[in-house]
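Given chain R's structure and the hints, the job is docking chain F onto it.
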Amino acid sequence: MSKYLLQRIGYMVITLFIIATATFFLMKLLPGSPFNQLASKLSDEQMAILLSRYGLDQPVPIQYFNYIVGLIQGDLGVSFQFNNQDVTKLIMNRLAPSAYLGGQAMIIGTILGIVLGMVAAIRNNTWIDYTSNVVAVIGISIPSFVFAGLLQYYIAVKWDLLPVAFWEGFEYTILPTISLMIFPLAICARFMRTEMMEVLGSDYIELARAKGMTKSTIMLKHAMRNALVPVITVLGPMTVSLMTGTLVIEQIFAIPGLGEQFVRSISVNDYPMIMGTTLLFSVLFIVVILIVDIMYGLIDPRIRITGGKD
Amino acid sequence: MRKANWLLLVLVVVLSMFLAACSGGDDTTEEDTGTDTQQGSEGDSTNEEGNDGKVLRVVSTSEIPSLDPAQATDSVSIQYTDSLYEGLYRLKTGGEIVSGIANEDETVISEDGLTYTFKLREDAKWSNGEPVTANDFVYAWRRAITPETASVYGEYLMSGAIKNATEIYAGELEPTELGVTAEDDYTLKVELVKPVPYFESFVAFPTFLPLNQAFVEEQGENFAIELDNLLFNGPFVLTEWDNAAGWKLERNDQYWDKDNVDLDGINVKVVKETGTAVSLYEKGEIDRVGLSGEFVDQKKTSPDYYSLSEATVFWLKFNQGSSTKGEYMQNENFRRAIAQGFDKEAFINIVYGNDSIPADYFVPSDFVQNPETGEDFRAKYGNIISYDLETAQSAWEKAKQELGFEEVSLVFLSGDSDVGKAITEFFKSELEKNLEGLTIELQNVPWSEQLEIMDAQEYELAFSGWGPDYKDAISFIDLWETGGANNDIGYSNDEYDALVKSVKNELALKPVERFEAMQEAEKIMLDEAGIGPVMQRKTSVLSKNYVTGMEQLNPFGPSYSYKYVGIEK
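Those protein sequences? They're chains R and F, same order as listed. For the first sequence, the positions run 1 to 310 when full-length UniProt numbering is used. For the second sequence, the positions run 1 to 569 when full-length UniProt numbering is used.
One chain only, chain R, in its complex shape (with noise of 0.2 angstroms):
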């Protein structure tokens, strides 16, 4: 196992490396440059008083060794768009509140979703089953923000139940996370009511009824355990994006997450933070795949992670 994890952790080392080789010379080709927006303002001489600021007037073959060695030293440069400001720090501050909303919304959102296609399976074609089709249904296809946006109006403004926005407490948490746990909750119940009833008609469940076992105990012990392995396959990277924080989401709550800083840094071509948020959004997924990958084995001995001829 450890020699496993060692190798799996080499991997993701030269995954992580590619990844910010090619995010680094990808973004070069961005059009446009960090002090665009000032352009007419400037004069060149100043332009380029700035670019050797930034060491943007090197070629970019030295630009990128430059990175990639304060990149093994953990230095992750300064932001163009918050004047000096460390990328690391500003990153940290954001993923606070976007992965405290994602995993919440996770959390409930799966256990529900499994609860309801584990529900559906067993009451199949019955009233729950349908109910269960359509909540997961209407949370596939109609997009989060759009919850959001009648959550926001009906409740925060409308009935005054809850706040309209920011982030200051549990009760600032909880429609957001209703509006983000709704697309996990709908995958979950999908996958889980399709794998329950593949595992319900398995030869090992018969065998299960056949030596008298308890419904609860087949349900719990044998079948839902079987019927997870599927669901954890999506849940993973589903978690990653949800963590690092949804940008309309985040806008519509005028929540201080890090989502709107992905998409903002490429925009203004603030090349540390685009490279720091690439960055953390890949060791998180790599992180994750690793996770899933072990929980596989520990769900369904079957599977065995560290290959057949240890």
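Think of the hints as simulated: they come from the structure by calculation, not from any bench. Glycine included, each C-beta is placed from N, C-alpha and C at the ideal position. Please note that the accuracy of each hint is not assured.
[Stated by the list, open to error] Covered by chain F, per the in silico footprint, the following chain R stretches (three or more residues, Cβ under 8 angstroms): (1) 19–33; (2) 46–55; (3) 82–89; (4) 154–166; (5) 243–253; (6) 256–268.
[As the list claims (entries may be wrong)] Taking CB as the label site, the calculated pair distances span: (7) R/Leu30 - F/Gln393: 39 to 45 angstroms; (8) F/Asp228 - R/Ile303: 48 to 54 angstroms; (9) F/Gln401 - R/Gln58: 53 to 59 angstroms; (10) R/Val263 - F/Gly566: 36 to 42 angstroms.
Using the frame of chain R, we list chain F on its own:
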């Protein structure tokens, strides 16, 4: 029975997981909750204050990029540096320049207009209690022109104005050679290279704010990065600064004129979505909100609705230096046909839906006044080039003959936002309808790319605008000087250039003649349809009626003068 048991079990499991999830969530943010709850309760108490006390509650559409005066280039940075610091002069609501640290009445300007001697108040203090002295200005100005500081406005405003600024920026002289000296602690002498009739505007602008040398040097690289790395001398101090979420200002107890600051404080939250800001306003959580898009139309009939004039003018740029269509653009009739061939009123209604005014000029109205008569710049030649379909179409026919074409296609450059697209679509349908044989191709690109394309003069027709940085018409007039840094339309006219040159030189000390020369210059340029003016922008807001001092926007610098804003209820 078994079924019931099973259901119960599931219920218990789900509930316990749910609860665990919630409390787990709380645990993970233990560090934050301390500040969160604090903020929450403070938020509540300020809401009460908002009712009893005088705390202005507003939203900002962006974080503060920088509170270092030398680095302030965007409207948010400029707004809050103005509230937190004070320069020699400052702006009063509407843009009138008034005394700040220096008493306006005691300022001595030499006869040749080259030396300004400012007398500083002796009771002005920094928020750490130290006095604000002439040395603080000397230090800050030198810092702003030092090349390593890379201050955009430092070079833009000082070069060619303050003695030795150009040379210091080029690295030929030391920053200590800058033409600004502290005669004594409270006397500041500024030497200029040539008379700058609008120098008063400069010293009310953030780049010229003072800085406490000992403090800034102690902070080093960290200066202005966080709350603890800041020192203020303005009407307000910053008490909280969580950039992504918002910030709070309180009246500065050390401020010399604190008795004339009506507000106890200002609470600012970052809200980027107009819809959210409008909802907050309707729930009474904020006192003021800027409107855009559909919200202008929705709220137009509200008693809280106001339209504020800006000194920003938008126009069509005809690129006469275009490698593809330069020949067409150099033809006056061709330009005139386009400039007069679209309905400006309809444009504003369709694209912005607000109260912006159609502009037949490029120096805005309500911006500068005749120094003698006080008459607005626009009084003499009000509308120079207006929408006139007949004139446009006959010019179009003449252009066709002169240039020998029947059909022509032009690429129209604009932004890729919703507004940017609406702009290009309007012009496409309007101009193609009015001018036979014209085809408009649309080029919608991100803003930064648009600037790059315009700067390289690689466009044919573009929509663009300009807002001034100081209170003088030359800010607009010198845009079209031959070879000027911002002349990306390739316009060139000897008569125009001669006027601009005299305005900048021999007329500098003859305010009336200078003013009239600029009026003539504008007329010359527009009489040959050098550009196609479109509109002078207005901003639409919703504002609670108890907010005072925000009825007007300042034409340059900070949008509002919070020192003079009050709450009356």
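Hint check:
1. Counting residues of the stretch 19–33 of chain R whose beta carbon lies closer than 8 angstroms to any beta carbon of chain F gives 3, which meets the minimum of three for the stated coverage.
2. Note: the stretch 46–55 of chain R has 4 residues with beta-carbon separation from chain F under 8 angstroms; the three-residue rule is met and the coverage holds.
3. Remark: the stretch 82–89 of chain R is confirmed as covered by chain F, as 4 of its residues place a Cβ nearer than 8 angstroms to a Cβ of that chain, reaching the required three.
4. Proximity of the stretch 154–166 of chain R to chain F, defined as three or more residues with a beta carbon under 8 angstroms from a beta carbon of that chain, is established by the 6 residues found.
5. Evaluation of the coverage hint for the stretch 243–253 of chain R: fulfilled, as 3 residues show C-beta separations to chain F shorter than 8 angstroms, against a requirement of three.
6. With 5 residues having a beta carbon nearer than 8 angstroms to a beta carbon of chain F, the stretch 256–268 of chain R meets the requirement of three or more and the stated coverage holds.
7. Taken as a hint, the range 39 to 45 angstroms holds for the pair R/Leu30 and F/Gln393, whose Cβ atoms sit roughly 43 angstroms apart.
8. The hint said 48 to 54 angstroms for the Cβ distance between F/Asp228 and R/Ile303, and at roughly 52 angstroms that hint holds.
9. The beta-carbon spacing between F/Gln401 and R/Gln58, approximately 54 angstroms, falls within the hinted interval of 53 to 59 angstroms.
10. Checked against the hint of 36 to 42 angstroms, the pair R/Val263 and F/Gly566 passes, with Cβ atoms roughly 38 angstroms apart.
Of the numbered hints stated above, none is contradicted by the structure.
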